[in-house]
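Student: Once you have looked at the hints, place chain B on chain A.
Heads up: the protein sequence lines correspond to chains A and B, in order.
Counting in our numbering, the first sequence runs from 1 upward without gaps.
Counting in our numbering, the second sequence runs from 1 upward without gaps.
No wet-lab data here; the hints were simulated from the structure.
Ideal Cβ placement from N, Cα and C applies to all residues, glycine included.
Misleading hints may appear alongside valid ones.
Covered, in the sense of this in silico footprint (three residues per stretch, anywhere, with C-beta under 8 Å from a C-beta of chain A), are these stretches of chain B [claimed, not checked]:
no., region
1, 388-401
2, 541-550
3, 556-564
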Amino acid sequence: MSLSFAKSGAIDQGVVLTALKSAVTKLDPRELTGNPVILATEVVAALATVSAVVAIASGTAAGFPVQIAIWLWLTVLFANFAEAIAEGRGKAAADSLRATRVTTKAKLIIDASRNAIIPTPAHELALGDIVLVEAGDVIPADGEIIEGVASVNEAAITGESAPVIRESGGDRSAVTGGTTVVSDWIKVKVTSQPGSSFLDRMIAMVEGADRRKTPNELALAVLLAGLTLVFLIAVVTLTGLGAFSGITLDPMVLGALFVTLIPTTIGGLLSAVGIAGMDRLLKVNVLATSGRAVEAAGDVDTLLLDKTGTITFGNRMAVEVVPAPGVRPDAAMRAALIASLADETPEGRSIVELARNQGVTAEIPAGATSIPFSATTRQSGLDADGKSWRKGAVDAVLRSLDLADSQVPAEMRQAVDRVARSGGTPLAVSENGALVGIIHLKDVVKPGVKERFADLRRMGVRTVMITGDNPVTAAAIASEAGVDDFLAEATPEDKLRIIRTEQAKGRLVAMCGDGANDAPALAQADVGVAMQTGAQAAREAGNMVDLDSDPTKVLEIVEVGKQLLITRGALTTFSIANDVAKYFAIIPALFVGSLPALGALNIMGLSSPESAILSAVIFNALVIVALIPLALRGVRYRAIGAAKLLSRNLTLYGIGGLIAPFIGIKLIDIIVAALKLA
Amino acid sequence: MDWRGWAEIVFTIALTVAVGWPLGIFVARVWAGERTWLDPVLKPVEALAYAGFGVDRNKGQNWLSYAAAALIFSAVGFVLLYLQLRFQNLLPLNPQGFDGLSPHLAFNTAVSFVSNTNWQSYAGEATMSNLSQMAGLAVHNFVSAGTGLAVAAAVARAFAADRGENLGNFWVDLTRVTLYVLLPVSFVTALALVAAGVPQTLLANVEATTVEGTKQVISLFPVASQEAIKQWGTNGGGLFNVNSAHPFENPTPLTNLIEVVSLNALAFGTVVAFGRVAMARREARALLAVMVILVGAAAAVIYSAETLTPQPAMISAGITDASSNMEGKEVRFGPAASSIWAAQTTGASNGSVNAMHGSFMPLGGGTAMFLMQLGEIIPGGVGSGLYGMVVMALLAVFVAGLMVGRTPEYLGKKVEAREIKFAMLAVLILPLAILGFSAIAAVLPVALEGLLNKGPHGLSEILYAYTSAAANNGSAFAGLTANAPWWNTTLGIAMLLGRFAYLVPVMAIAGSIAAKPKLAPTAGTLPSDNGLFVGLLIGIVLILGGLQFFPALALGPIVEHFQVLAASR
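Chain A extracted, bound-state conformation:
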């Protein structure tokens, strides 16, 4: 069973070895104080060891107590191993990050007027210090550029090797410690305390060193501790009740019963599930500042999405050319193409692309002059051999053609209206001073976005599109993308207002943003995802940072949050459901000697009382190992609606949890009996 995940390649051997070592060091009871279930198991294991040693010393048959003691210790070790292996995966990532931090030397500016510089180790920098960073230098700490422009390689943080431009003033003035200046120089004002820089926090997060229990983990821990107490009562009182019936119960067997009943499965895997959740976020290059934020992501009711970049590609694209009356369609297309050949803007390239797709080709005529776009003419094109091609804003082109509105053909007027109404932008095309057609530029919705919004809707997440567009355009895009609501002509203040209204209705809100003016909204949102390339203020305000600066990532974040909660619930349900079978294994075994009639409860037909108890203990230990891959990978999340999801998972982990141990314990009993272990 333990081989299945090694084969899957998810965990390499080095991590497994480290985790095995760490599982042993975690036996220190002080390490287990946060986990009452496993601590209780360890206490029972210790008591069982004493009792096994006494059995050996007194020369009585010690095979059974020794085996019980071994398996109880293994139960604790397996739980520790689960946690260690989850931590190990984060540690590997942290180590490579730490390497970038150690060597950094900063050039501290001590006198701004004379540019006097003292080399200072990065960790000695204080808040407000100003450092000079030149080409080839590693930026020593998080900070704000106060002077200069530089291209910065942020691969250490984002894994993206293409350098980005950072400059003073505006939204791109934030730099991160550990990243490298590739060209030019900047002066940076340090904005983080030593040891609490972005990189430090990132290392702490992925290592799990800074791990505090999330609210839901805390509640679950209370439930598990409560159940442990309930079973303690049930098992301890059995001594008195048994004595009435003339049964003297072996304390070791009672200890074994207690351990199999308390929720060791979820108790052992709980922290691994939490760490693995953070790890899955890290895999999609999102860094959460707390486990609480990941949990909140699963609860999100409303998702605020910027239109541009999230729902649509940033640029408008040509989707058709409507020919003027009497102009052949390919001729109109060709005119539009020639007018765009020298245009390197995304819109221009999209027209070239559209023409190629329609099989229309053209070369730039020899000796052509390109007429660039300008704010006054609001059109661009080519002049060659006395011929001219232009494309541009409809009113601008018409004016340069000296066409009054009444002279424009009705078909053209209708085409312009139609394009505008659908939320697109119409461009007029002219060839040699005559109007030949209308280009339809459209905000193109990213493929697959509509389906993801539908998935989200089924999971109860409402999507709201935020855009600066006018309401007509916004409505058209909203309906095409399938968002539930939209806000047109929105300002950053509107975002904050929407978040507050949604929250007042008791909804949890997620949003992403990058500008400094997004910071208040990011702080107000329950899940605020800041873009790594965004302003420092935004990164400070949000509780997650997307290292890829991809706004669609919010959707994945919500899924990771849900997956984390589902995994936790599934393992808890499984753990509790398991107990039924364990009772049917151990209760008859305990009492059948004095009350033979209780043999009827041995419905699994286990071979002997000792074998029944040993098999239950072994099953209880092995099931932790068997479920480690599930805890790390997470239960698959499906967007099928809460009722269906519950029904599915309840069948799998509830009913499955009832049945699985009956089969498992029986199989182990067959092996135990065959090997004559008990």
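Tutor: Leaving out everything else, chain B in the frame of chain A:
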């Protein structure tokens, strides 16, 4: 076992729900302080009560002062009742000239009636004066039930609240539910019982000469009025030792039907009222369905256990027809009516009986015991059953709700560490009181003196007693003589824990729930109003209860069951 028996069980449950539903709608109006058709008569009385006790009816209470009021009220009631019982010989209306009660019996009895348990360590007809019955015990039959109904109202309001702390006013709730609900239904039921032949008199005992020529003392009481509130208030403390098996308390099948319906109707109705006040009618219906299914299933198990296989004594007498198993049952009721009563009374923390549970087949008696161990929530005592079920629903939602990928919420309220902490505290009370005391009593010579039987049945008697006390049920497994210092004291403590150590965490949950924002449901919210949720809640109730008590039950009724099976083979 025959179709008439099954039909009787189904009909009884259906009739109980049919009576309870409209009653619940009425209770919701009473909780909400709305006008009712009883206002012309009762409004002046209500106003007088507030004026007399200086209650400002518009002043709301937070959870702490609400809980404190309930505790203070119960504590004062306990002290007064204790003194009255201790010194009933000095008080009037004692035509039979009974002595005052011993300290431990007075303690046990006072706790018992204040906690709505009505465990009786004494035989009523040979112990209690008319004044003790009417001005002592009967008063608590009303107000202990009223306390439960009041707390349930506070819990319902907590779910309706949005970031609030006002849970209503305990004194107003107590006054209103007693005046507008408990008194009228008891009044009507008492008249119906009198019409059906139940006596109602203040005369002293009658001496009669039997056909054999011996003298017999026939105890007389105002039976009908006591009987009505005994059932409606899920009290269960009878005037006579054998409770509703006595021909004065329950003379005919008709009175039996009236009594068994009034046993559960108000508890069902409380759920309906909860749905209205908490603005969760569909969700309340799901809770009701859970209760109806479980109580029906329990009745079916008991009825089957009693009539499927012949009893060992019958086998040795050569009788093979199991349906004539009348051991412990009244001839005028028979197995079906006894089974449904047993299920309803143990499911409901009532504790009145029309048959002797100790004489049932092991599985039948064991089922009655298990019903109590589930925490008296199906449907449970008036009010207390509802809030017990809500605690279970919170736990069910918490465990399984995560599996829909959201942190759990119930009725628009997030279930977090604080709620779980108090829910687990409440859940711990039953195993602690039942198993803890039973394990000690099982090995304590002074306790075992009161025990009639050895072996599994003896253990069942011990378990049943502490179960009945801790669950505030009050029914007994014959065979245990409990009127002794050890039993009276420990059972009294178990009753106190079961009632008040449960009530306080529940109020703390209510306070915490009320303070949370009320969340709007979305497609991603765990639905708590459908069949799946009903199944889930049933599963959690059975598994949680089963896991706690299975080992103990295995040594009592379960092993006894297999022994009987083996013997009859």
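Student: If you test the structure against every hint from before, which numbers come out violated?
Tutor: Checked against the structure, no hint fails, so every one of them is satisfied.
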